[in-house]
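**Student:** Residues per chain, in single letters:
Protein chains: 2
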Amino acid sequence: MRLSEQFAKTTKNVPADEVSRNAQLLIQAGFIYRGMAGVYAYLPLGLRVLENIKNIVRTEMNGLGAEELIMTSLQRQELWQETDRWDDEKVDVWFKSQLKNGTPVGFGWSHEEPIMAMLKSYIASYRDLPVAVYQFQTKLRNELRAKSGIMRGREFIMKDLYALSKDEKELQAFYDQVSDAYIRIFEKVGLGDATFLTYASGGAFTQFSHEFQVITDAGEDIIYVDRSKKIAVNKEVYNDEVLKQLDLSTDQLEEVKSAEVGNIFNFGSSKSKQLGVYYADHNGVEQPVYLSSYGLGVTRLMGVIAEFFADDKGLVWPENVAPALVYIARLGNQPEVVKQADELYIRLTDAAIQVLYDDRDIRPGEKFADADLLGIPHRIVISEKTVQRGTFEWKKRDTTEAQQVNAEQLAKSLGIDTQALL
Amino acid sequence: MRLSEQFAKTTKNVPADEVSRNAQLLIQAGFIYRGMAGVYAYLPLGLRVLENIKNIVRTEMNGLGAEELIMTSLQRQELWQETDRWDDEKVDVWFKSQLKNGTPVGFGWSHEEPIMAMLKSYIASYRDLPVAVYQFQTKLRNELRAKSGIMRGREFIMKDLYALSKDEKELQAFYDQVSDAYIRIFEKVGLGDATFLTYASGGAFTQFSHEFQVITDAGEDIIYVDRSKKIAVNKEVYNDEVLKQLDLSTDQLEEVKSAEVGNIFNFGSSKSKQLGVYYADHNGVEQPVYLSSYGLGVTRLMGVIAEFFADDKGLVWPENVAPALVYIARLGNQPEVVKQADELYIRLTDAAIQVLYDDRDIRPGEKFADADLLGIPHRIVISEKTVQRGTFEWKKRDTTEAQQVNAEQLAKSLGIDTQALL
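Chain order of the listed sequences is A and B. Offset between the first sequence (1-based) and our numbering: plus 1163. Offset between the second sequence (1-based) and our numbering: plus 1163.
Note that these hints are calculated values from the structure, not bench results. The reader is advised that the hints may include incorrect statements.
[Said to hold, decoys possible] EDC-like mimics (lysine to aspartate or glutamate), calculated; alpha carbons at most 16 Å apart, straight line:
1. B/K1263 with A/D1255
2. B/K1263 with A/D1251
3. A/K1263 with B/D1251
4. A/K1263 with B/E1252
5. A/K1502 with A/E1547
6. B/K1263 with A/E1252
Go ahead and model the full structure; you've got the sequences and the hints to work with.
**Tutor:** In C-alpha cells form, the structure reads like this:
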C-alpha cells in the first residue's frame, strides 16, 4: 500500500477527553476513529490488525472442530426472560429499543440464549452431541463508563465459542482443549509470557470461572500471580480458603494490574434446564445438555497488544498481527532512488509480504516518525546513499540501530528467498 | 466438511409465518436460522455463501482503489441532526436507545454522516482527494413489515461505498467506474442477464438515482425494462416526460417485478455543505466536497440468488457463490466404498476444492434429496456399483441425468488436473 494513496494520515488531533493510551496512540496513527466515547471505527490499517488477530483465533477454533456462524444483534425479549437475563436489574448493560408495533427488542451483549434456542432445533439424541460453534460478533454493551479505549468499548468485537456436551466429563475435556488453544493464541500474538490462567468468581453452577489475564498497568483488574506455577487468582475471589484450595501460598504471589482478554464459563446444565434443551441418551432417557462458553475480546486484545508493546515513539506490533511487515521509507525523488524503492515495493509485494510504502513528498524525519508511530516491524530506507552503496538500510522497530545490509541479509531477516529481491 | 460432523441438518420445520420462498428454502437447507421476523442468523453453510459473495464484491471494490474499513453501529444524535436525518418523521427506520446518562443513540441504518464526519479530519486540500472507502456493515432498520426473508431484513449486511470527489466531473467518472464494477459483480454471481441499470427517483440534488434491479417475481419493485438497451425505469418515475428524456418508447418496454440489489446516490455537495466538509483548491479557495454513495445488499443478493435459481427440489447455487463445489454421496458402508469415498474427499480437498462429504448412515434417497436441497453444483456418488465399474457417478445440480465418468472426465468437469484424482 502506497501511503500517498491512503486517506488516513497520522495526526496529533486526539479528542481531549480520550484518556486511554491505546486509543490515543491508535487515533494518532490513523488506525481507529472515535465516533463517541467507547465507540470506535476501524480504519484500513486498524482493520488489518483486527483481521490478523481474527485469523489467528479462527485457526485455533477450527482446529477444535468448532463451526463458524454468525448470530444476530437483535434479540427477543421472551427468550431472555426464560433465563431471567432480560431485566435491567439483572443485566445492566442492555441496549433496548422497540419494533414499530411496540414489541421490545434488545441488542446482543452475549449470545448463550439465542445459541441454545437455535441449537435446540438440531439436537435430539446423543448422536447429535457434542457440538461446538463460534462467531466473531459485534457486541453492544451499555457500559456506564467507557474510559479504556478499545479495551472496554460500548461496541466491540468478541469471539464467542459455545460448546454443548453430553455430560460434565465431556464438557471438561473440551474445556481443557480450549484452554490450550487460548494459550497458543496468546503466544502467537506475543503475549504468552504475560498471560495467566486466572481463577475468578464462578456462577450458580461452579465455584470458579477461568479468565485469561494479561499483566499490564492499562488493565482494570487486580490479580495475584504465581509465576512459577503460571496461574493467578482474581482479587474478587482472593482469600485464605481459596488459596488453600488451589495450593497457593501468599509469599509466592505477586499483586499486579491486569486486563482480562479471555474467559471461560461452565454453565453446567442450568441453561439447558431453563430453555428446555435435552437429548435422548443411549437408553433413550432425556438428559439436559451441558453448556460451556468461551469468550475472547478481539478488539480488547488489539488494545492490550497496543498498550503492552508501545514505547515513547508509538506503537510496536508483533509480526503476527502487524498491518504490514515492512515499511519502506523512500528518501528523496532522484530517479534512481524512486526506481529502486518502487522495485523493492513490487518485489516484496510479489513475495506476499505486506508493505507500507512511504512514497510521500515529506521530510525524512517525518517518515521516520511515522514509521515508528505506526509500529511496523521492519523499516527499510532507500536513499541516494543506499543507492550509491548498493545496500539497504534496515532497522527493526524494537531496536535503535539501523544497519546497512545486502539483499541476502535483508531477505533472511524477512524470512523470504534472496531470489525474490533480485 | 463431513456432514456427519455438522450440526445444522436439513429440516422440514419452517416457522408457519415464514412466507418468503428464499427464507423457507434456506431454513430447510440449514443455511439460516430465524431469530425473529426479518432477523436471521447465518449458519456455517449460509456464512460460506455470504463470504463468497463478499469476496467477489471486495475484489471489485479494491480494484476501484477503494479502502476497506468498518464504521460503527452506534450513532450520535447531534451528527444526524446536522443533516436533518435524525427525526423519526424524516427517517422512519431508526432503532434508537439511550446511554446510561440518558444521551440518545441510534443504530446505523446508513453511514453517509459518520463517514463524512470521519473523513473531514483527513481532508484539507485538493491533494487529499479523491477518496473512496467501503465497508461490509451490519445495518439495522426498523422495517414496519419484514416478509421477504433475507431480501428485506431488520438486520442485514450491506456493502456501502462512499466516494468523495473534488467536483461533479470527478464524481461522475468514478460513478461510471462503480457502475461497471457492479455489472461485473452481478455477472460473477450469475445474474448478469437478469440485472438492469434502472432509473429511479433522485434526491434534492439530482433528478435520478440509479438502481440495479434483478428481474424476479420475488421482488418488491415494478420496473419497465428495455431489453435491447439493457436499461429500465422504476415505476416511481415512469411517465411520458421521463421516457422522452431517456429516449425510451413504451412499445419497447416490458413491465416486470424486480428486486433492487444495488443503488447509487449522487449527493453532490449537499452533505458537505451541511457537515462543513471543504477542501482548498489549487488556488487556495475553499470548495465543498462532492459525495456519492453506492450500496449493495449482500444478504439481499444472497436471497435473490436463492430465489432466482431455485427449483422444486431446492436451492441451486452458481459455482462462484456455492458453499461447496462438490457433494460426495457415499452409498453404503462396504469397506471398499468407504475407502474410495474417503480418498476422493481427501484428494478434492487437497486440490483446494470445497466438498460436502455425505458420510452419514442414512438412505440413498435422503442423500440425493439433501444434495438437491442444498444446491451444491456437482454431485458425485460412490457406491458398490461405481466401485465395481471403476467409475464415478457424476451429476450437475441443474441437469437431471447422472453420468458414469472416469477420473479424467471428472477432473475436467471440476476444472482440476487429472493427477489430483489419481
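**Student:** All hints are to be evaluated individually against the structure, with a verdict given for each.
**Tutor:** Okay, the hints, checked on the actual structure:
no. : hint                 : in the structure
1   : B/K1263 with A/D1255 : 9 Å, holds
2   : B/K1263 with A/D1251 : 11 Å, holds
3   : A/K1263 with B/D1251 : 11 Å, holds
4   : A/K1263 with B/E1252 : 13 Å, holds
5   : A/K1502 with A/E1547 : 11 Å, holds
6   : B/K1263 with A/E1252 : 13 Å, holds
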